[in-house]
Amino acid sequence: MPPIINAEKCNACGVCADICPTDVFHVKKKKTTPAIRYPEECWHCNACVLDCKQEALSLRIPLPLMMLYVEAKK
Amino acid sequence: MIQINKTPMETDVLVVGGGIAGLMAAISAAEQGVDVTVAEKANTKRSGSGATGNDHFLCYIPKIHGKNMDPIIKEVRNSLIGGYHDSPHTVKFLEQSFERVKSWNTWGIAMRPMGDWEFMGHAFPGRPRIWLKYAGHNQKPVLTKQAKKRRVRIVNHLPITDVIVRDGEIVGAIGLSIKNSEPVLQIIRAKSVIVTTGSASRLYPPAGSPGCLFNTAFCPSCTGAGQAMAYRAGAKLVNMEFPNRHAGPKFLARCGKSSWIGIFKDPRGKTIGPFVTQPTRELGDITSDVWNSVFTDLLKSGRGPTYIDCTRTAKEDIDYMIWSLEHEGNTAMLDYMDKEGIDVRKHMVEFMQYEPHLIGRGIEIDLNAESNVKGLFAAGDLTGNFRADIAGAATFGWIAGESAAIRAKKIKKFQKAENSALVKTRRRIYSAIIARESGATWQEANMALQQIMRDYAGVEVRSETLLGAGLKYLNDLKQHILEKLTADNAHSLMRCLEVLDLLENGEAIFHTALERKETRAMHIRSDFPFTNPLLAEKYLTIRKEKNRPIVEWRDKQ
Amino acid sequence: MIATDKNAIKTDVLVIGGGIAGLMAGIHAARQGVGVLVAEKANTKRSGCGATGNDHFMCYIPQVHGKNMEPIIAEYYKSQVGGFSDHALASIFLRQSFGRVQDWQRWGISMRPKGKWDFSGHAFPGRPRIWLKYAGHNQKAVLTRQAKKQKVNIANHLSITDIIARNGKVSGAIALETAGEQPVLRSIHAKSVVIATGCGSRLYPSPTPGWMFNTANCPVCTGSGQAMAYRAGAKLVNMEFPNRHAGPKYFARCGKATWIGLYKDPHGKPVGPFVSKATRALGDITGDIWSDVFTEKFKSGDGPVYIDCSSTSKADLSYMMWGLVQEGNTGMLDYMAAEGIDVRKHAVEFMQYEPFLVGRGIEIDQHAETNIKGLFAAGDPVGNFRADCAGAATFGWIAGQNAAARAKRMAAFQDISDDPHARKRIRLYSGIMQRKTGPDWKEANQALQQIMNDYAGPRGRSETLLQAGLTYLKNLKKKTTETLAAGNAHTLMRSIETLDLIECGEVIFLSARERKETRAKHVRLDYPFTNPLLTDKFLTIRKQNGRVHMHWRDRL
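Protein chains in written order, with this note's numbering: chain C, 2 to 75; chain P, 241 to 797; chain R, 4 to 559.
For reference, chain C alone in the conformation it holds in the complex:
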């Protein structure tokens, strides 16, 4: 369940937590990497991924949200 923060790249700026439309993050202490407190409430909108200047965030789309596809018929 997303998002996933790469702790090595994260500089603890807190932007992801600030802009998340569904308040998924939690900053326990200022200037520390935020925790993902409510992973089930992620909308997978990608705002955090786009707005992180360190490119430290990625999303894992959970299995029940898998996209369904087949090979096209020729």
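Calculated from the structure, these hints are not laboratory results.
Predicted model, so just to flag it, every value in this text is computed and none were measured.
Only true hints are included.
Using 30 Å as the maximum straight-line C-alpha spacing, the simulated BS3-like pairs for lysine-lysine come out as follows:
hint, chain 1, residue 1, chain 2, residue 2
1, C, Lys75, P, Lys579
2, R, Lys267, R, Lys280
3, R, Lys348, R, Lys272
4, C, Lys32, R, Lys439
5, P, Lys246, C, Lys29
6, P, Lys586, R, Lys480
7, P, Lys579, C, Lys54
8, P, Lys303, P, Lys314
Add chains P and R to chain C, keeping to what the hints say.
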């Protein structure tokens, strides 16, 4: 008891919700020279259904469409979003839409990224195209900046929970600060209030993935708060009995189906709709706009599933499609497809119809965007007698800002909203939820509500007995919720209040669905399986008086 | 790698699952003088669908029904359980059923609590009644005690994950100890294995899709027996026919036939034609015969359907409450009392529950043996015979008998070391435990349920839907196998349950695709007729060397 900030905020115009409509309302009001505050649940830079972008802006451009606006009015009426407009609103919207487009372009949202005005997608062959293709990925940051430039006060992480009315006029609002773990109430004194809280998701179980409450096409934090608080304040809601259903990829719920450039096909490769045989950027495949339930119908008949087939789409149009999807806010989906190896050039992607939600169903507004409660304005997805998605939000947001500012200028003094009885009542309810050591979580309450909505006021079938039973169960649930709901921090309390708001919307849906004794659009009555011509141009409003719902019919304007 | 206990367990007879069927198998095998191990996922005292009791035991009692068994056999086939049983097995069952009733009575489960043999409920007016009313609240405790008395070894919190078979013969099993925080693998040598793992819940979304464990039948019975047997090369049968139970809404419970009332629409009109007053003798059999009624009335808008006990006599109401206690419904009764739900004045809404597997699965012969020598099965995971508790008890008994007989004939245990299938499975489980991040079992279970519901679901199936669903399911299986993560014994156990459910799902898709007609709850939108050529034709499916073999056979 929950803490309450002793100092009330004061602002001429309070905007509830910092989405497209809200930010436009704020900018517009500020340009009138009044003091404006936007109270936003999250952060205006990325909140709401416009979060990471949109790529379609419905509008009328005389230079392109010609001086005669009538064909465009007709096109709007027949479009996906035009079914429940009061006509004067349609006209006013179209008249002003281009001004909004030009402003956005000036401010830095690329409204003609290809050079000239391009109308693409959501279109019938041989008919005027009215959806302007734009590059909206940065719309929220741009509008936020414009608001700040005009000294609009943006307060993020402050969802408004109620509007305060005295003697039939707005005097302020109650906000819940979720900045910290501990919730704190903030009273706001305002001369005008504009509610722009967006659509209502999470009312019904997500169609494909009922266990995943936040898998919704529209923002899952938009839970009908505006409709609910307006309703509680005595405002009229309209058209609540008509569910909307969006559609898009399965199971990941996304907006942007018209950004895909392909043809809808069955698994045997046979085209489903009659409109196009070759996918192009101009038209896309409008089958899903016209035959709303196509994806569900084909599952029910066994002919399905339905796929979008982009394999014969020209390379330039594929590039255009991917670019559009980025601007429509679908980068997460594109990243996922990359990782999974889903390649639209060789794979067909299954589409589905999503669960019912409320968009363009809710607060009744006049041409000035005012409700029947003096000083209470509304714009955007939550209005019930007008809908035009982003463009509608932008345009009526602007109108609401103007009207709200004009009213505010006429009022000399702020009222002491903090002394209202409502503040005491609501504070007690919120405190009880926080004080409870153990009990039901908001998730339980939300799911129980969704189950009842799906089964008794759903889209498969409604009837006197089903609606009657459902209303009874809903009331039982409401009792349970008020007695058992528990939250241990500001975030969870916010979610609890969202569920209470959803419940309020649910009630309104039950009452109006019971009253409309016919089948029309997705309001399907098994006991009245015909469409009654007498109700064709009739709108049903609902409002609360002394805590009792009152339904009234009126003519569509 | 997962911790492994190097000491292999050796037992003549291994019984997988300590439910009704498992304990009966264990007891009877032990009586034959062989060593028996019952491996139970939870604790036999309260495990499985029989956990807190049942109150209906289908049987034939000559003293009550008469010497001629024919009318009772006919009644069996008309009942809600008889539709997909081989005739030979039905006859054997009925003939032996009274023996099991008497065993239970002797051991301390009150089979005639009202003095005489009381056949009540699940009954048509004017016809023989075949469901014996009994007081089963203590059945698991009694059977556990009896098993221990017979020197059966009961290993609780020991979950069997795979059967080891070689050259069409069973040789043992792999098990997971789940009592501790971290799982421990065990190898088991066995001369005979009896699968008694119960039904298959959690395959489809529950009535309350966000709560996966709101199921009428035990939610931790997840078709593992069927899946294990299939992996070992055994035939499964009748997998294309979903069952759907019914009962109170939204709280999913068994025991609908214990309620004594009439099913009515909201206007107070009875929905069924059978009775106009509810009595303990008959109840309202509409729910058995027309089990779709709850859904149909919803679809037509005439619903909801309620059970109305307001005209039930005072004596019958007491009987009903007593019956519900025996049936294991004290949780529900406590809730109703706390909520003020009073059946004397309130009508309670009923609903149809989600599809699940009971009486669908492993094919057995008259000795309860599968096509794999030494591999037996009994109870709910059997696909060509079903009779709920009584069926589990009777065929559990038969399985125990024959499993013991075989064990006696075998001189030595087979070698189970270095089994390639076992190694593959162990690698799979280790992978799940090693991953630090990834989807958990809940995600996989929900995704599976979504696919089953939409593509092999109650709304209807078709060639294209089934084909699409199978493709998606295979994709899900791959992702699950490669990325699932679990952190402890409990979540590993749940992960394996989910993998077993996926296996059952695959089999359902393949079988459903093969049966090109509509019959019972197998609805084919593209073949909306019932094909007389396929009446009394059973479809079996098995896997050998990675290839799937499907085969039609006559109902025996």
